[in-house]
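Here the protein sequences come in this chain order: A and B.
For the first sequence, counting from 1, position 290 maps to 290 in full-length UniProt numbering; every step adds exactly one.
For the second sequence, counting from 1, position 130 maps to 130 in full-length UniProt numbering; every step adds exactly one.
The hints are simulated quantities; they were obtained by calculation from the structure and are not laboratory data.
Be aware that a few hints might be false.
Repeated chains share a single entry, so a pair holds when one copy, or any two copies, can fit it.
[Unchecked claim] The calculated DMTMM-like cross-link candidates involving lysine to aspartate or glutamate, where the alpha carbons are at most 20 Å apart (straight line), are:
(1) Lys241 <-> Glu51
(2) Lys160 <-> Asp140
(3) Lys172 <-> Asp158
(4) Lys88 <-> Glu343
(5) Lys31 <-> Glu217
(6) Lys241 <-> Glu56
(7) Lys237 <-> Glu48
There are 2 protein chains.
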Amino acid sequence: MKTLPLALLSLGLLVAANSQANQTTTDKNHKVAISLANTAAQSSLAYELVESLTVEVGPRLAGSDQDKVAVDWAMAKLKSLGFERVYKEPVTVPVWHRGIAKANIVSPYPQPMVITALGGSIATPKGGITAEVARFDSLDALKAAPEGSLKGKIAFIDAKTERHRDGAGYGKTSSGRSKGAVAAAEKGAVAIIIRSIGTDTDRMAHTGMMRYQDGVEPIPAAAVSNPDADMINAMLKRTDKVSLHLELGSERRGEATSYNVIAEVSGSSKADEIVLIGAHLDSWDEGTGAIDDGAGVAIVTAAAKHILDLPAKPQRTVRVVLYAAEEVGLIGGKTYAKAHEAELAKHYIAAESDFGAGRIYQIDWNVAPRAHADAVKLMHAAEQLGVSSGNNQASGGPDVSMLPALGVPVASLRQDGSDYFDYHHTPNDTLDKIDPAALAQNVAVYAQFAWMMANSELELRPLAPKPQAQ
Amino acid sequence: MKTLPLALLSLGLLVAANSQANQTTTDKNHKVAISLANTAAQSSLAYELVESLTVEVGPRLAGSDQDKVAVDWAMAKLKSLGFERVYKEPVTVPVWHRGIAKANIVSPYPQPMVITALGGSIATPKGGITAEVARFDSLDALKAAPEGSLKGKIAFIDAKTERHRDGAGYGKTSSGRSKGAVAAAEKGAVAIIIRSIGTDTDRMAHTGMMRYQDGVEPIPAAAVSNPDADMINAMLKRTDKVSLHLELGSERRGEATSYNVIAEVSGSSKADEIVLIGAHLDSWDEGTGAIDDGAGVAIVTAAAKHILDLPAKPQRTVRVVLYAAEEVGLIGGKTYAKAHEAELAKHYIAAESDFGAGRIYQIDWNVAPRAHADAVKLMHAAEQLGVSSGNNQASGGPDVSMLPALGVPVASLRQDGSDYFDYHHTPNDTLDKIDPAALAQNVAVYAQFAWMMANSELELRPLAPKPQAQ
Chain A
1 MKTLPLALLS
11 LGLLVAANSQ
21 ANQTTTDKNH
31 KVAISLANTA
41 AQSSLAYELV
51 ESLTVEVGPR
61 LAGSDQDKVA
71 VDWAMAKLKS
81 LGFERVYKEP
91 VTVPVWHRGI
101 AKANIVSPYP
111 QPMVITALGG
121 SIATPKGGIT
131 AEVARFDSLD
141 ALKAAPEGSL
151 KGKIAFIDAK
161 TERHRDGAGY
171 GKTSSGRSKG
181 AVAAAEKGAV
191 AIIIRSIGTD
201 TDRMAHTGMM
211 RYQDGVEPIP
221 AAAVSNPDAD
231 MINAMLKRTD
241 KVSLHLELGS
251 ERRGEATSYN
261 VIAEVSGSSK
271 ADEIVLIGAH
281 LDSWDEGTGA
291 IDDGAGVAIV
301 TAAAKHILDL
311 PAKPQRTVRV
321 VLYAAEEVGL
331 IGGKTYAKAH
341 EAELAKHYIA
351 AESDFGAGRI
361 YQIDWNVAPR
371 AHADAVKLMH
381 AAEQLGVSSG
391 NNQASGGPDV
401 SMLPALGVPV
411 ASLRQDGSDY
421 FDYHHTPNDT
431 LDKIDPAALA
441 QNVAVYAQFA
451 WMMANSELEL
461 RPLAPKPQAQ
Chain B
1 MKTLPLALLS
11 LGLLVAANSQ
21 ANQTTTDKNH
31 KVAISLANTA
41 AQSSLAYELV
51 ESLTVEVGPR
61 LAGSDQDKVA
71 VDWAMAKLKS
81 LGFERVYKEP
91 VTVPVWHRGI
101 AKANIVSPYP
111 QPMVITALGG
121 SIATPKGGIT
131 AEVARFDSLD
141 ALKAAPEGSL
151 KGKIAFIDAK
161 TERHRDGAGY
171 GKTSSGRSKG
181 AVAAAEKGAV
191 AIIIRSIGTD
201 TDRMAHTGMM
211 RYQDGVEPIP
221 AAAVSNPDAD
231 MINAMLKRTD
241 KVSLHLELGS
251 ERRGEATSYN
261 VIAEVSGSSK
271 ADEIVLIGAH
281 LDSWDEGTGA
291 IDDGAGVAIV
301 TAAAKHILDL
311 PAKPQRTVRV
321 VLYAAEEVGL
331 IGGKTYAKAH
341 EAELAKHYIA
351 AESDFGAGRI
361 YQIDWNVAPR
371 AHADAVKLMH
381 AAEQLGVSSG
391 NNQASGGPDV
401 SMLPALGVPV
411 ASLRQDGSDY
421 FDYHHTPNDT
431 LDKIDPAALA
441 QNVAVYAQFA
451 WMMANSELEL
461 RPLAPKPQAQ
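Turn these sequences into a full structure, and let the hints guide you.
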């Protein structure tokens, strides 16, 4: 072995010393991460938060009166928890009113049905529509129908949503909800119904956003419960001609101002850099928004509060963002990205909790490929919480999903969503569906994540070009 | 040992010969019972029947138009199955129309609620009632309230129904539903709501019959879903004063004629003696009456059909009775008992299937105490189906529960009802809740029961005085 030149040698020593110092810091932070998990396990804060939100506010559809109540609730709650900066930023949201939603099978065997209007749908003509059903296995099958073949009919997309821990079934069927009305109208349909995008067999229909398209006639759109979809199928086995009566009183009522509500734990040495942990404050209107997304609001708020209560400050600022109007088109997320455009370069990493309250089992990342392994290592305290390391293709969650394209690293703290789509977007989204212990585990992992990221020495940029969203 | 006198000796030989002949007959019948179980296991008849009833008729509230459709369905179906006698007997039933049922919490935190009118309830005044809630743990607690203390209030009975295999939880809470309105009105209440008599946490309210009493002001009565009851409690933790708005559009509309529908497999040597297996044809109006009591209709019909298809006739007549109007007060059962008063002495035994489609795990009896052990022995083929022997205090099922007092032996073929009260009397009572294999096991046990009873040599009377109903 040759002797190294002095300059290189001293550089080597310096790197070693730095590395040792970093190791010590990392060890310290790891200890803090463990203590945060203990704090979270012993705290009922998150459960109290989601209880408070569901009881004192309840349903809070973007642009509704209750949405305003939710914003006031969030501002007051975050202030009362002692966060250093609590503020809100305006978001322009569409206003949609559900109105009545009624349907029944007219023939061959008259039966009432359980339905719900899809979010954004127009109304039927007063008195409703009666028409024959044209059933399709999927959105693709509907798109393949001959031109004009649905003239005067009610299209019916009858795709079952599979149960998966990661919610993969939803991705396969939800396009039928969002895009079905356009596809059906293009073939001449007068309305569309879909089998609920849900894994349950409850007699409850799952709502959710749908879209129209300029140049294509808007038609009323609704979901039927899974048992009602079964019923239509049972009748279609007996006859080709099943007729439905459908009446929706839904109404679009222009726009309103809602708010992204933001709270911060100020950083110390790198206060201008942001670790963003978010959730959405709005909910659909038929449940109380417990799992979607009261749980997320509670998780990220409690995680930040546990960091706020530490003796030492994080180096970076931990920013809690409670987004407006996620359900109706990620509007709070998009508005945030635009309003904070100049600051995005200072966003170290972002993550949103929006998948209920099931335990986190894996962290996926979207960071510079060379930093991925180190990021995984940094989070190894979470292994004790049952969290394993995942891929580097995360979206980060709906309201931060537009940030990677703008250069911002993200992480997806993946929750067990095995039963999420049993309740999602139904009246059944209520507090009792949340397991307090699982909720606390989420808080622990988010607190560890935010703490370790706020103190990380890793360079997480640049992201791989065109990361594959998941 | 002394020699026996000749007369006694020949009597002894005769008894032995008879006993041997009986044993041979019993063995034969036991073999038939085994073959009936095999037939039931291989047959999809029961599932087809309940599928047909739920799809082609659906909800069939006593006295409604659909109730007439159900009677026609039953007559046609029983005839098509080839039963020897198919007939119907008129039953006068009350007509009640549900109408709208809306409620919301007015203060301290406005929230919509999920409710259902209790069967038989009157309407609220048009525009509804707004009043403060007075909460009680139980019907007994409500009855203990001071006179006049509920003046102008809405009473709220908040008793949780426990989950038990035998449905014992229902017995503890259902009196709050049936008797709560009278008890509340006696204390001055303007309306009553109850926590749903259900073991689920779904956002669905459970309906069911309630009663008024001459001389006590009738008040509107509704059930709230379990999550909504939790919500009221959460608000009562925050304030003493929770106000609700309640609007019911229910209406009593006099009386109508419905029918008990009856089919028979004629007996051979004892054709005038009856083994009655029953179920009720009516259902509540919000589900499709799959578990309550489409399953029972399917079970007893399929069981009798399998007996009809045997090469040999049963000695006694097997009579299938599909009762009218069970839900609204066992009216079909009472009418049958009266109409067949003269024939009741010829009713060898009766049993009703009205507890869903869960597997039968036990047979309870109400027969002459000295015959109990022999009756148990006769049914030992059912052990292979997982059925054990039970007590001698059975009620036999709702529509035959009045028969023991009239001297008729009964049996209760006890089904696993662990999840029965998750769906009972809700929109969720739909076909998908039935497990075809469990349904087939029920058919097997009922077929064995009907066959063994139709050919039994046991004397099942007289019953023990005042049997304790279960």
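Hints, verified against the model:
Proximity of lysine 241 to glutamate 51 under the C-alpha cut-off of 20 Å is restricted to the inter-copy arrangement: shortest distance 19 Å between copies versus 47 Å within a copy. Taking the shortest alpha-carbon separations for lysine 160 and aspartate 140, only the intra-copy value of 14 Å comes in at or below 20 Å, while the best inter-copy value is 47 Å. Taking identical chains as interchangeable, the C-alpha atoms of lysine 172 and aspartate 158 lie at most 20 Å apart only when both belong to the same chain, with a minimum of 12 Å there against 42 Å between chains. Within a single copy, lysine 88 and glutamate 343 get their C-alpha atoms as close as 16 Å, which meets the 20 Å cut-off; across copies the closest is 80 Å, which misses it.
With identical chains, the CA atoms of lysine 31 and glutamate 217 are never at most 20 Å apart, being 60 Å at best within one copy and 68 Å at best between copies. For the identical chains of this complex, lysine 241 and glutamate 56 are inter-copy neighbours only, at 14 Å across copies versus 48 Å inside a copy, given an alpha-carbon limit of 20 Å. For the identical chains of this complex, lysine 237 and glutamate 48 are inter-copy neighbours only, at 13 Å across copies versus 50 Å inside a copy, given an alpha-carbon limit of 20 Å.
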